[in-house]
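Modelling step: build the complete structure from the supplied sequences, incorporating the hints.
Next come the chains, spelled out residue by residue.
Protein chains: 4
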Amino acid sequence: MQKRKIAVVITARPSYSRVKTVLTAIQKHPNLELQLIIAASALLDRYGSAVNYIEKDGFAIAAKVFNVLEGENLTAAAKTTGIGILELSTVFDNLKPDIVVTVADRFETMATAIAASYMNIPLAHIQGGEVTGNIDEKVRHAITKLADYHFVASESAKERVIKLGEESKMVFNTGCPSIDLASEIINNKTLSFDPYEKYGGVGAKPDLNNGYVVVMQHPVTTEYKDSRKHIEVTLEAIYKLNKPTLWFWPNVDAGADGTSTGIRAFREQHQLPNVHFFKNMEGKDFLQLLKHSDCLIGNSSVGIRECAFLGVPVVNIGSRQNRRERGGNSVDVDYSEKEIGNAIKTMIQKGQSISSPIYGDGKAGVKIAKLLAEVPLQFHKTINY
Amino acid sequence: MQKRKIAVVITARPSYSRVKTVLTAIQKHPNLELQLIIAASALLDRYGSAVNYIEKDGFAIAAKVFNVLEGENLTAAAKTTGIGILELSTVFDNLKPDIVVTVADRFETMATAIAASYMNIPLAHIQGGEVTGNIDEKVRHAITKLADYHFVASESAKERVIKLGEESKMVFNTGCPSIDLASEIINNKTLSFDPYEKYGGVGAKPDLNNGYVVVMQHPVTTEYKDSRKHIEVTLEAIYKLNKPTLWFWPNVDAGADGTSTGIRAFREQHQLPNVHFFKNMEGKDFLQLLKHSDCLIGNSSVGIRECAFLGVPVVNIGSRQNRRERGGNSVDVDYSEKEIGNAIKTMIQKGQSISSPIYGDGKAGVKIAKLLAEVPLQFHKTINY
Amino acid sequence: MQKRKIAVVITARPSYSRVKTVLTAIQKHPNLELQLIIAASALLDRYGSAVNYIEKDGFAIAAKVFNVLEGENLTAAAKTTGIGILELSTVFDNLKPDIVVTVADRFETMATAIAASYMNIPLAHIQGGEVTGNIDEKVRHAITKLADYHFVASESAKERVIKLGEESKMVFNTGCPSIDLASEIINNKTLSFDPYEKYGGVGAKPDLNNGYVVVMQHPVTTEYKDSRKHIEVTLEAIYKLNKPTLWFWPNVDAGADGTSTGIRAFREQHQLPNVHFFKNMEGKDFLQLLKHSDCLIGNSSVGIRECAFLGVPVVNIGSRQNRRERGGNSVDVDYSEKEIGNAIKTMIQKGQSISSPIYGDGKAGVKIAKLLAEVPLQFHKTINY
Amino acid sequence: MQKRKIAVVITARPSYSRVKTVLTAIQKHPNLELQLIIAASALLDRYGSAVNYIEKDGFAIAAKVFNVLEGENLTAAAKTTGIGILELSTVFDNLKPDIVVTVADRFETMATAIAASYMNIPLAHIQGGEVTGNIDEKVRHAITKLADYHFVASESAKERVIKLGEESKMVFNTGCPSIDLASEIINNKTLSFDPYEKYGGVGAKPDLNNGYVVVMQHPVTTEYKDSRKHIEVTLEAIYKLNKPTLWFWPNVDAGADGTSTGIRAFREQHQLPNVHFFKNMEGKDFLQLLKHSDCLIGNSSVGIRECAFLGVPVVNIGSRQNRRERGGNSVDVDYSEKEIGNAIKTMIQKGQSISSPIYGDGKAGVKIAKLLAEVPLQFHKTINY
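Chains as they are written, first to last, in full-length UniProt numbering: chain A, 1 to 385; chain B, 1 to 385; chain C, 1 to 385; chain D, 1 to 385.
Simulated from the structure, these hints should not be mistaken for laboratory data. Everything numeric in this text was worked out from a predicted model, so none of it was measured. Wrong hints could be hidden among the right ones.
Because identical chains cannot be distinguished in the list, a pair is counted as satisfied if it fits within a single copy or across any two copies.
[Claimed, not checked] Simulated pairs of lysine to any residue, SDA-like, Cα-Cα distance not exceeding 25 Å:
1) Lys279 with Leu377
2) Lys229 with Gly201
3) Lys198 with Glu55
4) Lys205 with Arg264
5) Lys5 with Asn173
6) Lys96 with Lys225
7) Lys229 with Asn52
8) Lys225 with Phe379
9) Lys28 with Ala60
10) Lys3 with Lys350
11) Lys5 with Glu223
12) Lys96 with Lys163
13) Lys225 with Asn188
14) Lys5 with Val366
15) Lys3 with Asp361
16) Lys64 with Val202
17) Lys189 with Asp361
18) Lys64 with Asn120
19) Lys225 with Leu377
20) Lys96 with Val202
21) Lys229 with His380
22) Lys367 with Arg264
23) Lys205 with Lys243
24) Lys225 with Ile61
25) Lys96 with Ala60
26) Lys198 with Glu232
Right, here's the structure in full:
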């Protein structure tokens, strides 16, 4: 029997971390052939060169597509998507996949969804049905309407996708594949690597043995003009906290320049003897780092998903995670230095929660690969009401 | 008070016909300024150069965007959309509209929707919520998820858009603006022009005084490889019918080449002493032509909408109009010469129906302009379940 | 030893015919690997689908790139080139050729030249140094300035490329590879195939046994608004001549719509009992057809090159071939029905000339492959004055 | 009389500085209308936002085009050019200029040249005919072959353009407009502004009263993989020199990331108590800064041109300025810390030279505007040999 060709398009470092176990499971599946396409910020040095990790992890890359238009404003986001469509359609035309897989809700994933659906290639969407309230949400639900198979991460996401008019037999709650990685390290007792040595980075090198916090704060696309102001609030809070802190640079998004400039300017003006900055980290190492941390601060979905599973305390800032389901390990605060500072102290004191199953059981990768091998190949659908 | 700048993007001849009364109403509204952008096949000679009619009708054009990639296959449809995003984002960046309006569900309208929504410009969508069952449907519902205001054409469309998670206060049943034009000619007693003289075209010039039929059949994007076979069936049926026939060339769509080649080849091989071919016709003239015809044959939405209002008999072929609401004037048939032939005879015998109100009362243009002047300017939304 | 990877980009049917023997020679060369990239009009049905012949001839295609923007005006030519650069750079990035080969001077070949030279891939140019006087010439000489190796078709072309500041050791007079094909059929006694049966086409099927003429007239890009008028003059001349005529449709170029529309309109209005129209023909068959014809009429470079070698009489119309060297088999006329008509009669009477060696000896393909295997790999050059 | 519409496309900060007096002269000319188009890195914050200076200087902007593809590798340079063609052709289509002006030889200026020449708009090129030996040179001479009017900066450039086959009556030695600005400040006695206060920047703020040097070193596109190594050599030399130093960040070019990363890393690892870093500076202020400096170090063309006119000592590093004519004020050195260090000391000791007239007399802007108003409008040319 001919293997099904499954094209997965990865456009960013965090997306790779999220679906790595899916890629492995596709590769191992006897009836599937993986066609891995790396595009957008996943290729760029400034955003952590996910491509290098991908190659190091042993995945063969079928095509690379440079499509990030510079500007880091909203016009550039639109254009990046337009170029993505132009190029991915050529790639699909040459690779002839049986199914295309797109991940989550970054603006440029729309390029994958449009190229595949317009070319009558069955489209699978991982992580539809969630609610976040910004442009991500427009993108996410629009992709749901273009996709043929839905691999969602929670029961409430499943219900929502069905309400959106999708046939229930095409909506599968596989759990989130990011939990797969977390499940591999959940019983890990100590940090298995030295982050400074393994990942370099800049700034101080505080001792991590007596507790530390992690910061990861991305710009919010609907509020990108405020990204500098937002990051400054967090910087002040961390500066005053003055605990060992590991800080991760933001994603490529409209507003990332504001965030980056804010961090750079703050560093020029302040001594930060307890803060180290990383550009990026392999997914599993990052999860270990979180597992052993006192608290995650910022607005990353990792705080809502993986940290819920791991039981790590999270201070979630602002609107970015919006109505995503919470697992009991996090508290939501506004862009306020005082609120952030107090919440960090409270969450550190509270300590780790019990593991929450809302985002899956750690087997999402294998489940998704199995479904990709078995779902009927179809791209013709109609709304079910 | 500053006028609101309303950018309307027209990408095809039939879209222009459909929203012409909206454009006029925007232009006349004291608080609105029209920014008319003409793109895609609306600029191309092969597809009837809508741009010439638009200029003749006295509309000022703010920008022209050539973005149709040649190929007339599905890859080209994807790429046309990608180029559209690239270019429209520059146009929006320079024109700075307050609201962008996109029309219906042609594949390339997604470019308008993505450019506007990604740039945080409030997006209005005319004619969401309908059901047709092919790629148009994916496009239509995905645009609903990107749009902020919904100007729908029927009650059932309104209900569907709300079910899709849109706030009911942002969904307005204005009726279809195409009905506005139809309402202007519904009491017209005779054809006010000589179609051969006014529009040229090729082929025979049958006498239209003793009845005639009109044919308009587009390729169906999900079945584009069959477009030649499909058109041949209709050609055979019309050939055998041998009544005065006015035939319109197809839209630019994946598959249009199959349709066009099919027609050309058939003309080389057969005498068609009763068939005249037109490239295009102004909207109002076309509606008059339908009003006085015995039957419309094909798969145009005009048969479902305007002809329902006008009461003109319609033989609707194949899947293209799918689950769109019917007004009692039409019969659905498969791609079968015999079915088509019999249906034409039956429908001619049955004659005109009474006017159906399902697609509006003829005031959609004015209603939409009023709403564009009054809706709150916002682009931030969240699903309502 | 690692084989050198030679990427050849073919963008049009006539370019394929011209370099077919180069492709064969690269494929046969023990130290070369052919990476064949098919793009632009070479992929399109309307322009003769060169891609089908290429596949039938047994060449493996490494990548296909759809980049023709519709419009057939000058804006579209520019945009087609822009899209070509975007896409070809991705293709080169993925194929990693050692040398890229671009052919002649069509506007879209600039995309190949820019992508390769900007990416520091050594660039070979076939057929630089000729003089034609229109936009082709700007393109041709600009490509010379971007290219590293020059495989020219005549001594005067070689001198001109050197005058343009290129190092003489990088300029090679290989002759024109189109002559290779001509040399294979020059001793052919009768037409080896029935053109109507093998190639279909439309129109009359005049008897070819008592002589016939061939017409091939392309629009001239700098005069594209006149393309319809120009073709009408030729149509009138051929109509009056009333001899068996085989007419070939034009290339995709700004103005092709004028030419095509002109031909279609003329056919609607006139009986042409002696004219058959072909969309395209394999190179060798076309050369046979010319070899046995009484005269070639139009503005194709085939008249100047291959027909000089074959000794076929040619009536060359207008400015398109401009200052290209002539071989004694042709006469130049203006866009005048009378001039064209008289010249055809004169040339038919004069009959075949002796074979001219100005464009090569029929070994260009092998010479070029050998050079591609042996030239030093370099992309850094400086003007030599 | 209708004014001639002159579209000038500015794609980078240094290009703006270079042609500012041309823009002013066009604006003042009674028969010309300026259509200023700002594109590429001239719009981007990371590269000094030339657009802000342009607006502050009072120029109205007719269109902005974001076209920089991220990657800072050679693929990105090709793609940036491709997107530029796509977008500029739409802009030209809408603005309908009589003449398009392109400046110098940056890779993306090819987009301007191709869009204009393919659209049959007469093209003027400022600063053709120079010799630098890298990809800039391919670009520069290819643009010469696409351009209709040549406004060159020196006699030897004029001779070279004519040798390239251009008609001598279309080649005008106007001098370099960058000299116009220099001529305005050549008699300036002291620095008229405080650079730290006016331009911010980061790093130390050495006292400038007892002499200082200026550094401006760009990556070289043909050697971009070495850009980090090259900048490190210069950094070491300046570190050891330990004199007050004003350092300017590099242009957007393939390799700029290497240069930027090199500078950032060096700063993390070394104290630089005498070095201040600027992102950018208005042209006239920058020239003042040079005028009063002891030496310019790096590979900017400012060292060759403006500094020759101003008589400022220059240490020119590496191959970037290659065979550009020198004015007696500069010395060429290799990428060697020792060579650079010694050359700086020698040049400081030597002190200012007399003003050299090789790049013009300071009236280039006015001369070019006058020519733009008077040259015949034509786009059809042929090589003159």
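Going through the hints against the structure:
For the homomeric pair Lys279 and Leu377, neither the shortest alpha-carbon distance inside one copy (40 Å) nor that between copies (38 Å) is at most 25 Å. With identical chains, the CA atoms of Lys229 and Gly201 are at most 25 Å apart both within one copy (24 Å) and between copies (20 Å). With identical chains, the CA atoms of Lys198 and Glu55 are at most 25 Å apart within one copy only, with a shortest distance of 17 Å there and 46 Å across copies. Proximity of Lys205 and Arg264 under a CA criterion of 25 Å is satisfied in both settings, with 17 Å inside one chain copy and 18 Å between copies.
Taking the shortest alpha-carbon separations for Lys5 and Asn173, only the intra-copy value of 23 Å comes in at or below 25 Å, while the best inter-copy value is 44 Å. For the identical chains of this complex, Lys96 and Lys225 are inter-copy neighbours only, at 17 Å across copies versus 41 Å inside a copy, given an alpha-carbon limit of 25 Å. With identical chains, the CA atoms of Lys229 and Asn52 are at most 25 Å apart between copies only, with a shortest distance of 21 Å across copies and 32 Å within one. With identical chains, the CA atoms of Lys225 and Phe379 are at most 25 Å apart between copies only, with a shortest distance of 15 Å across copies and 39 Å within one.
In this assembly of identical chains, Lys28 and Ala60 lie within 25 Å of each other by CA distance solely inside one copy; the values are 13 Å within and 30 Å between copies. For a Cα distance limit of 25 Å, the shortest separation of Lys3 from Lys350 qualifies neither inside one copy, at 51 Å, nor across copies, at 55 Å. With identical chains, the CA atoms of Lys5 and Glu223 are at most 25 Å apart between copies only, with a shortest distance of 23 Å across copies and 39 Å within one. Proximity of Lys96 and Lys163 under a CA criterion of 25 Å is satisfied in neither setting, with 32 Å inside one chain copy and 35 Å between copies.
Proximity of Lys225 to Asn188 under the C-alpha cut-off of 25 Å is found in neither arrangement, the shortest distances being 41 Å within a copy and 41 Å between copies. For the identical chains of this complex, Lys5 and Val366 are intra-copy neighbours only, at 16 Å inside a copy versus 39 Å across copies, given an alpha-carbon limit of 25 Å. Within a single copy, Lys3 and Asp361 get their C-alpha atoms no closer than 28 Å, and across copies no closer than 50 Å, so neither meets the 25 Å cut-off. Proximity of Lys64 to Val202 under the C-alpha cut-off of 25 Å is found in neither arrangement, the shortest distances being 29 Å within a copy and 36 Å between copies.
Taking the closest pair of Cα atoms, Lys189 and Asp361 come within 25 Å of each other only inside a single copy of the chain (20 Å); across copies the shortest separation is 71 Å, beyond that limit. Proximity of Lys64 and Asn120 under a CA criterion of 25 Å is satisfied in both settings, with 22 Å inside one chain copy and 18 Å between copies. For a Cα distance limit of 25 Å, the shortest separation of Lys225 from Leu377 across copies, 18 Å, qualifies, whereas the shortest one inside one copy, 43 Å, does not. In this homomeric assembly, Lys96 and Val202 never come within 25 Å of each other (Cα to Cα): the closest approach is 44 Å inside a single copy and 35 Å across copies.
Only between protomers do Lys229 and His380 lie at most 25 Å apart by alpha-carbon distance; the minimum there is 20 Å, versus 46 Å within a single protomer. Taking identical chains as interchangeable, the C-alpha atoms of Lys367 and Arg264 are never at most 25 Å apart, the minima being 43 Å within one chain and 45 Å between chains. Only within a single protomer do Lys205 and Lys243 lie at most 25 Å apart by alpha-carbon distance; the minimum there is 12 Å, versus 31 Å between protomers. Taking the closest pair of Cα atoms, Lys225 and Ile61 come within 25 Å of each other only across two copies (23 Å); inside a single copy the shortest separation is 36 Å, beyond that limit.
Taking CA atoms no more than 25 Å apart as the test, Lys96 paired with Ala60 passes in both settings, with 17 Å inside one copy and 16 Å between copies. For the identical chains of this complex, Lys198 and Glu232 are inter-copy neighbours only, at 24 Å across copies versus 28 Å inside a copy, given an alpha-carbon limit of 25 Å.
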